[in-house]
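A.B. asks: Residue strings, one per chain:
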Amino acid sequence: MGSNTLDKAKSPALAALLSSAVLLPAYQSAEADAPPESTEIGFRYGKYQEDTVAGSDTLSGQKSERYDIDVAQFSLIAPVGDSWSVGLTGQWESMSGASPWFSLYGADGQQKVIMSGASIEDRRAEYGVEARYFHDEGNVGFNYVNSEEDDYHSDSVGADASLNSADGLRTYTLALSASVDKITPTQGVAPTNTLKADKDIHSIWVGVSQIINDRSIFNLGLGYTQRQGYLTDPYKYRDNRPDNREELVLSGGYRHFFDDQNGALQTDYRYFIDSWDVESHTLELAWVQNLNNDIQVTPFVRGYNQSQANFYSDVAVDTGGYYSDDHRLSSYSAVSFGLRLKKNFGPWRVSATAERYESAEGRWRYSQVPNKALVDFWGYSLGFTYNF
Amino acid sequence: MKNSLFVLSIIALTGCQTVEPWERGILAKEEMQWQASTMEARFRQQMFNSKEASSGTSGAAGGGCGCN
Amino acid sequence: MKYAFKAMGGPCVFRIKARSEHIAYHHAQAAHEEVLRLERRYSRYREDSITSTINASAGKNSVSIDEETYRLLNYADTAFKVSGGLFDLTSGVLRRCWDFRSQTLPNQDEVERTLTRVGWAGVRFSKDEVFLPDIGMEIDFGGVVKEYAVDAALALLKKRKVEGALVDLAGDIGAFSNGFGTPWDIGIKHPRSPEKAVATVQLANSALASSGDYERCIVIGDRRYSHILNPKTGWPTNNAPLAVSILAPNCLVAGSSATIAMLMHSSAARAWLSELGIPWLLVDSDFNTYGTLAGI
Chain C
1 MGSNTLDKAK
11 SPALAALLSS
21 AVLLPAYQSA
31 EADAPPESTE
41 IGFRYGKYQE
51 DTVAGSDTLS
61 GQKSERYDID
71 VAQFSLIAPV
81 GDSWSVGLTG
91 QWESMSGASP
101 WFSLYGADGQ
111 QKVIMSGASI
121 EDRRAEYGVE
131 ARYFHDEGNV
141 GFNYVNSEED
151 DYHSDSVGAD
161 ASLNSADGLR
171 TYTLALSASV
181 DKITPTQGVA
191 PTNTLKADKD
201 IHSIWVGVSQ
211 IINDRSIFNL
221 GLGYTQRQGY
231 LTDPYKYRDN
241 RPDNREELVL
251 SGGYRHFFDD
261 QNGALQTDYR
271 YFIDSWDVES
281 HTLELAWVQN
291 LNNDIQVTPF
301 VRGYNQSQAN
311 FYSDVAVDTG
321 GYYSDDHRLS
331 SYSAVSFGLR
341 LKKNFGPWRV
351 SATAERYESA
361 EGRWRYSQVP
371 NKALVDFWGY
381 SLGFTYNF
Chain F
1 MKNSLFVLSI
11 IALTGCQTVE
21 PWERGILAKE
31 EMQWQASTME
41 ARFRQQMFNS
51 KEASSGTSGA
61 AGGGCGCN
Chain Z
1 MKYAFKAMGG
11 PCVFRIKARS
21 EHIAYHHAQA
31 AHEEVLRLER
41 RYSRYREDSI
51 TSTINASAGK
61 NSVSIDEETY
71 RLLNYADTAF
81 KVSGGLFDLT
91 SGVLRRCWDF
101 RSQTLPNQDE
111 VERTLTRVGW
121 AGVRFSKDEV
131 FLPDIGMEID
141 FGGVVKEYAV
151 DAALALLKKR
161 KVEGALVDLA
171 GDIGAFSNGF
181 GTPWDIGIKH
191 PRSPEKAVAT
201 VQLANSALAS
211 SGDYERCIVI
221 GDRRYSHILN
231 PKTGWPTNNA
241 PLAVSILAPN
251 CLVAGSSATI
261 AMLMHSSAAR
271 AWLSELGIPW
281 LLVDSDFNTY
291 GTLAGI
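Protein chains in written order, with my numbering: chain C, 1 to 388; chain F, 1 to 68; chain Z, 1 to 296.
Simulated from the structure, these hints should not be mistaken for laboratory data. There may be inaccurate statements among the hints.
What the hints assert, rightly or not - Per label pair, the in silico range of CB-to-CB distance:
#1 C:Trp84 with Z:Tyr45: 17 to 27 Å
#2 C:Asp70 with F:Gln33: 20 to 30 Å
#3 C:Gly346 with Z:Tyr45: 53 to 63 Å
#4 C:Leu291 with Z:Asp185: 19 to 29 Å
#5 C:Thr267 with Z:Lys81: 51 to 61 Å
This one's a predicted model, so the numbers in the text were calculated from it and none came from an experiment. For each residue, glycine too, the CB sits at the ideal point set by N, CA and C.
Build out the structure end to end from the sequences listed, making use of the hints.
C.D. replies: Okay, structure coming up:
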């Protein structure tokens, strides 16, 4: 790709000169891993807005607003010395709105959703810190994240390591994490399923990333996560889930750059299966189009479908075992479309994204009758990063 | 599905060419990374993880939240 | 983005394609530092350079050297052998006899006396040290360090994974490109009219070095005396080329090959260059152009 195809040295004189030159330090191309060359600071604001539930789907017959979340994010990554980098992240959310409390069958035999009455207002603050060490063959990182809400407290630690192959074409990654969460549901008009509970999450991930040629790369990953403790949704009227959940994730990704179009195709696929019998497929496609040196436009699409948990039903009944009518455990498909814009202004990089997510009803339907509480939403975000 | 992924990966691995460090300019471009904007990726993943039964992309699970 | 500075005896330019101008500037600064490092280390004009230390110890004691210096000496040795003795790092002392500004020829006795101080074959070096056997002998890395600096600056930029870079140190150029494989277009100056290009070359992952004497020579009558002196005679070679340009995988090899060609008769030079097997351009004293690059 654009390299002069100089023939292998024909003359002994040239061969002698070239082989002698190549011993000099400048020609020893060691691909050592290194911290980023500049410090990067970033801010981002995002908004998540669910569509209203139609009156025809609620028991009361009234339409109901749903969830609305405002998110502010902060990130700082700085190189420290020759071999370290340090990262700081912060995230603040303010959530309001109603969410499904439980479902019943209406007079017409259809599922009807009862929304939580009063609009909740909740805030969450999350802080994370990361230290990363770079060495000749790769890097190692450690992180700690803390998340606080009125009703939820989480502490997690993680470690990851990357190793580059000798020819630099392959990178192996291993990641581990463990978190301890404490739930103390907010008491309101409706009783909650518990007053105080714990849950632990342990996770491991292995991945390999391979350079295929100077224009394409692909990766494969395998992850295992175990959740133990109180996994039931405390705010749902009829909800009782196992205290154990094991998850397996298989993923693959591909990136290809097209010179003629000056753009890149990004593909990512994820297969998920867990011990509750939920099985899902996720496929994301994005086309990154460079307009000139500074502007990038990326349309993207995401397709998702999942099968239901083995204790799910659209109207939950206390059978003595496990049960839930949470639409998030139902079987359905969803498609989302979005557009991302990025522009450089010297060391500033600004990006804006809008994405529309629609759950399967009608044309995207995946076998079973979709839960009436399935959500459609908009997600917007705008942010910038600055390098210095 | 799993079989074809496996086969695809074998084909890709055997077709790999050597790419010298100085030929990796394009690969270093942002659009050729696995995750371009960490903040945006986190925002999107949190959105999906809160509304779907699946979770996990690359890397270990990390901490939880009461995200509803 | 374009980054200009002065070093290695002339105007230098980096052209860098990176994610943003700001990042490109950072990389340019680092590459600039590398060029200055080499200049500091090998310039014979600086007292603290290894060159000055080696030359001051000539005829007295050996000087300890680092890996990079050893490899440069090793390379100079290879070039000496490959050129049949024409490429000689100790020929720098001959400049003392020649005054190109005065337009007068040197005294033959003086040349012969100075010639006794020229002789790469007598230089003894190993991985750790180098020794010049006679007082008054000098090593001048000028014949290699500028071209090596082009390669070193380029290697640094490659390691930093910029999308493309062009390094031009006072006329010696190296480039690599990943801007969708678009090569860099370089024009080789016409010896008589510098604003015209005698040939254009495309550099994608290679280097172009030129050697020419049209800027510094003595002309007496219709005879031209180049400033590139033959280490065997102390005089410029008769009927040497006016200018030579070579395209090679790296600038060091391109530069030394060009210098070697400039020390031969034009016809011998043409034969040697075509046997070398890489793209070349030669302009002889009658302004005829030859070589595989001439057609471009």
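A.B. asks: Now look at each hint and say whether the structure bears it out.
C.D. replies: Hints, one by one, checked against the model:
At roughly 39 Å, the beta-carbon separation of Trp84 (chain C) and Tyr45 (chain Z) lies outside the given 17 to 27 Å, and the hint is violated. Range check, Asp70 (chain C) to Gln33 (chain F): about 28 Å between beta-carbon atoms, so the 20 to 30 Å window is met. In this structure the supplied range 53 to 63 Å is violated for Gly346 (chain C) paired with Tyr45 (chain Z), their Cβ-Cβ distance being about 38 Å. For the hinted restraint 19 to 29 Å between Leu291 (chain C) and Asp185 (chain Z), the CB-CB distance of approximately 24 Å keeps it satisfied.
Thr267 (chain C) and Lys81 (chain Z) have their C-beta atoms about 55 Å apart, which keeps the hinted 51 to 61 Å range intact.
Of the numbered hints given earlier, the model fails hints 1, 3; all others are met.
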